[in-house]
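Enquirer: Single-letter residue listing:
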Amino acid sequence: MNNKGMSEIVKGIARIVFPFILLYGLSLILYGHITPGGGFSGGVVLTGGFVLLLLAFGKDYVFRILPVDIAKALDSAGALGFLAIALLGFLCGSFFYNLLPKGYIFHLWSAGTIILSNIMIGLKIASGLFVAIAVLSMARLIHTKEGIKYKQSRKTEEDQ
Amino acid sequence: MIVYILVALMFFTGLYGIIAKKNIIKIIVGINIVGYASNLLFILLGYKWEGIAPILTEDIPINYFVEKAVDPLPQALVLTSIVIDLAFVAFLAALAIRLFERYGTFDMDKIRRLKG
Amino acid sequence: MSHLIILPVAIYLGAAFLIALLYKKDEKLSGAAAISFVFLSVITSIISGIDVFTNGKILYFAGGWERPLGIVLMLDPLSSIFLIMTNIIAFFVMLYSTVYMEKYTWAPYFYTIFMIMLAGMNGILISMDIFNIYVFFEVASIASFILVAFGLRAEELEASMKYTVMSFIASTMILFAIALIYGFTGTLNIPAFMSEASGLSPVHLWFIAGLFLSGFALKTALVPFHTWLPDAHSMAPAPISAILSGMFIKVVGLYVLIRITTNIFIVLPQIRILLLLFGVLSMVFGGLMAYGQKNIKRLYAYSTISQVGYCAVGLGIGGYLGSLGVLMHFIAHAFSKTLLFLNIGAIEYIKGTTEVEQLQGLNDSMPATTLFGSTGMLGIAGVPPMGNFWSKLIIIIAAVKAGYTGIAVLCIIVAIITLGYFLKLQRTVYYKKVENPVKKEAPKMLLFPMGALALLVFISGILLVPGIKEKTLDKAVSVMENFSYMDIKIGENR
Numbered sequence: 033m034n035n036k037g038m039s040e041i042v043k044g045i046a047r048i049v050f051p052f053i054l055l056y057g058l059s060l061i062l063y064g065h066i067t068p069g070g071g072f073s074g075g076v077v078l079t080g081g082f083v084l085l086l087l088a089f090g091k092d093y094v095f096r097i098l099p100v101d102i103a104k105a106l107d108s109a110g111a112l113g114f115l116a117i118a119l120l121g122f123l124c125g126s127f128f129y130n131l132l133p134k135g136y137i138f139h140l141w142s143a144g145t146i147i148l149s150n151i152m153i154g155l156k157i158a159s160g161l162f163v164a165i166a167v168l169s170m171a172r173l174i175h176t177k178e179g180i181k182y183k184q185s186r187k188t189e190e191d192q
Numbered sequence: 222m223i224v225y226i227l228v229a230l231m232f233f234t235g236l237y238g239i240i241a242k243k244n245i246i247k248i249i250v251g252i253n254i255v256g257y258a259s260n261l262l263f264i265l266l267g268y269k270w271e272g273i274a275p276i277l278t279e280d281i282p283i284n285y286f287v288e289k290a291v292d293p294l295p296q297a298l299v300l301t302s303i304v305i306d307l308a309f310v311a312f313l314a315a316l317a318i319r320l321f322e323r324y325g326t327f328d329m330d331k332i333r334r335l336k337g
Numbered sequence: 070m071s072h073l074i075i076l077p078v079a080i081y082l083g084a085a086f087l088i089a090l091l092y093k094k095d096e097k098l099s100g101a102a103a104i105s106f107v108f109l110s111v112i113t114s115i116i117s118g119i120d121v122f123t124n125g126k127i128l129y130f131a132g133g134w135e136r137p138l139g140i141v142l143m144l145d146p147l148s149s150i151f152l153i154m155t156n157i158i159a160f161f162v163m164l165y166s167t168v169y170m171e172k173y174t175w176a177p178y179f180y181t182i183f184m185i186m187l188a189g190m191n192g193i194l195i196s197m198d199i200f201n202i203y204v205f206f207e208v209a210s211i212a213s214f215i216l217v218a219f220g221l222r223a224e225e226l227e228a229s230m231k232y233t234v235m236s237f238i239a240s241t242m243i244l245f246a247i248a249l250i251y252g253f254t255g256t257l258n259i260p261a262f263m264s265e266a267s268g269l270s271p272v273h274l275w276f277i278a279g280l281f282l283s284g285f286a287l288k289t290a291l292v293p294f295h296t297w298l299p300d301a302h303s304m305a306p307a308p309i310s311a312i313l314s315g316m317f318i319k320v321v322g323l324y325v326l327i328r329i330t331t332n333i334f335i336v337l338p339q340i341r342i343l344l345l346l347f348g349v350l351s352m353v354f355g356g357l358m359a360y361g362q363k364n365i366k367r368l369y370a371y372s373t374i375s376q377v378g379y380c381a382v383g384l385g386i387g388g389y390l391g392s393l394g395v396l397m398h399f400i401a402h403a404f405s406k407t408l409l410f411l412n413i414g415a416i417e418y419i420k421g422t423t424e425v426e427q428l429q430g431l432n433d434s435m436p437a438t439t440l441f442g443s444t445g446m447l448g449i450a451g452v453p454p455m456g457n458f459w460s461k462l463i464i465i466i467a468a469v470k471a472g473y474t475g476i477a478v479l480c481i482i483v484a485i486i487t488l489g490y491f492l493k494l495q496r497t498v499y500y501k502k503v504e505n506p507v508k509k510e511a512p513k514m515l516l517f518p519m520g521a522l523a524l525l526v527f528i529s530g531i532l533l534v535p536g537i538k539e540k541t542l543d544k545a546v547s548v549m550e551n552f553s554y555m556d557i558k559i560g561e562n563r
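Chains as they are written, first to last, in my numbering: chain A, 33 to 192; chain B, 222 to 337; chain C, 70 to 563.
Quick caveat, the hints were computed from the structure, so don't treat them as lab data.
Bear in mind the structure is a predicted one, so any value in this text is a computation, not a measurement.
Even glycine gets a Cβ: it sits at the ideal position worked out from N, Cα and C.
Among the clues, some could well be false.
Claimed, not checked - Below, a list of computed lysine-lysine pairs in the DSS-like style, where the Cα atoms sit at most 25 Å apart:
1. 508/C x 91/A
2. 502/C x 420/C
3. 493/C x 247/B
4. 544/C x 470/C
5. 104/A x 93/C
6. 331/B x 363/C
7. 104/A x 91/A
8. 242/B x 231/C
9. 508/C x 420/C
10. 470/C x 363/C
11. 172/C x 104/A
12. 91/A x 94/C
13. 104/A x 94/C
14. 508/C x 243/B
15. 420/C x 513/C
16. 97/C x 104/A
17. 331/B x 231/C
To be verified - Facing chain C, according to a computed beta carbon distance under 10 Å, are these residues of chain B, among others:
18. 231
19. 232
20. 234
21. 263
22. 267
23. 288
24. 291
25. 294
26. 299
27. 301
28. 309
29. 315
30. 317
What the hints assert, rightly or not - Going by beta-carbon spacing under 8 Å, a handful of chain C positions derived as facing chain A:
31. 73
32. 75
33. 79
34. 82
35. 83
36. 86
37. 87
38. 471
39. 472
40. 473
Required output: the full structure, derived from the provided sequences and hints.
Expert: See the structure below:
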């Protein structure tokens with residue numbers, strides 16, 4: 033595992049920076065309803081953290097932390113959760129109706145269902161974008177004598 | 222006025238990339254530029270010069286806020302449009318990889334089995 | 070009861086992600102789940118359609134925000150006809166694809182993306198807000214690019230590439246137009262824009278209308294913008310071709326064009342002349358190009374261009390007869406073109422090819438497929454008992470009454486060309502005598518949707534019978550003729 037990926041310096045920096053990227057993404061998601069940010073931008077930042085790991089350590093390492101199958105399931109779960117929040121509005125009369133108490137302005141728990149929606153969107157975007165980039169990263173170009181060949185590897189353990 | 226001309230310039234740069242370039246990756250970059258140009262136009266239409274961010278805090282008087290704050294709706298709409306552009310670009314990148322697998326090239330002139 | 074109008078979108082979105090989450094390994098179960106969700110949506114759309122046709126339009130305020138602030142959803146007779154048609158055709162296509170998609174891997178993902186496309190199409194139909202229409206339009210479009218490339222053969226990928234790049238240009242035009250509308254009027258709600266539109270200068274109006282028209286004409290594949298359609302619709306898997314040709318371009322293109330010409334740019338009636346021009350061009354060009362095609366799916370794709378041209382001509386002529394012709398032609402063509410694409414899919418399933426030269430004398434080996442296929446061909450060609458004959462007749466009469474005699478003559482000539490190429494195709498592919506045929510019919514699950522659609526093609530003219538016409542089509546035509554929702558009171562649901 034150690035001989036894969038980039039140099040030791042990049043790996044060290046990535047190991048230090050990764051938690052902070054996740055933290056920033058989470059704060060963008062959780063404070064999306066009172067400051068600029070929100071589910072989409074926070075989710076993209078979360079994905080950015082995993083993409084950094086993917087570039088620095090190689091695919092095997094990242095797929096051990098976050099397997100693609102689990103990311104796919106989280107993607108669907110995020111979408112379904114968002115739909116469920118929307119459908120909950122039927123209880124109070126309308127699709128997407130904001131039925132939770134609104135709370136105090138500028139507090140974390142304010143704006144009712146918006147924060148839940150942001151969390152669901154963040155989950156969906158982070159895992160969906162991660163799956164997209166992971167699938168793109170499975171493509172390999174192999175330089176041979178006849179020219180450049182293409183190879184798609186779904187099993188990551190094989191391409192040692 | 223000059224910003225609108227710059228947006229138009231950006232748009233036509235991207236359009237040139239889509240129409241004149243033969244490499245799929247360059248076409249994708251052109252698509253990105255065109256998408257940014259249209260988003261920028263949308264943002265500019267809702268912008269006020271020397272405006273403030275549309276966040277109403279307790280220490281801003283409401284009249285000042287109404288007069289100075291930029292229109293937040295185009296920004297919300299542009300966020301949606303950015304997501305759509307992202308979907309386009311991600312799909313085209315996947316498609317470009319698959320096309321390379323089948324044809325062995327990124328050149329649109331050589332990817333030409335369909336005609337008539 | 071008014072919650073029913075949001076349900077088609079919610080059901081399809083929920084179905085898409087439920088299938089992706091639960092049934093991603095099991096092809097049979099995912100197919101069954103997909104069919105049941107589409108059936109549920111058919112029922113809801115028919116119930117809400119009956120409500121709309123008896124009591125008038127339904128308004129729905131998403132999130133409880135009233136009209137000047139929030140997003141308004143609306144179901145009126147026009148969109149209700151499109152909604153019911155979309156769901157019915159999606160149901161038959163879904164029944165068909167449970168068997169047809171067995172030879173592809175990753176069938177559950179097929180159902181997921183198909184459901185997302187249907188959610189987008191249904192969303193366009195219930196939106197009353199221009200940006201909402203744009204978002205659902207993109208959802209449906211991106212799903213359709215993926216579906217065109219689903220087989221991953223070289224030609225499919227190439228077709229999808231062309232289609233995607235062309236569609237991106239269309240959606241950029243539409244986004245520019247939306248941005249300009251918001252910049253000039255400060256609203257994106259269709260009735261609110263209608264009341265503001267008369268205050269705009271004609272140059273601005275023409276610029277916005279031109280951007281909209283070229284964007285959506287590209288999605289409808291009217292002729293100067295048609296280049297992607299023959300590739301995309303001939304290369305996709307058969308059920309996808311069927312729904313793209315039969316319903317998708319009509320919802321994404323024609324329906325929005327109807328809204329634009331008759332509802333949004335009501336102050337600019339001259340844009341109908343542009344539509345008339347595009348319609349005549351695509352009618353003639355599609356008909357002529359279809360004549361020389363060697364591949365049957367490609368021939369059907371060009372025939373779609375030609376037949377959608379008829380719809381655009383009817384829309385360009387306008388008036389009561391023109392609008393009635395558009396709606397009737399859309400319904401008849403949706404049934405018959407879906408039938409034809411499903412039919413060629415069944416032939417491909419058994420014989421493995423779609424080239425005219427290799428397919429001859431199918432009547433002896435596949436009699437039921439032949440029967441349904443020739444019904445669909447005669448339907449599109451406009452042989453009297455079928456719906457297409459009446460719709461073409463109405464459009465021709467409308468053209469003569471409005472003073473466009475030349476266009477009426479062109480319509481008749483193109484109808485004869487259409488009959489010509491379909492009869493030629495029928496004679497070689499279906500009824501040519503071959504020696505010692507091997508009798509091998511398509512599976513029953515492929516035959517049943519075709520049979521039902523053939524029946525619908527045969528009886529679709531029933532919508533024009535007096536008594537039924539007043540209750541259904543006339544109400545939708547009145548939406549196209551005098552759209553007057555500016556008087557909607559705040560807090561009112563009807």
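Enquirer: Which earlier hints turn out false for this structure, listed by number in ascending order?
Expert: 1, 3, 10, 14, 18, 20, 23, 24, 31, 38, 39 and 40
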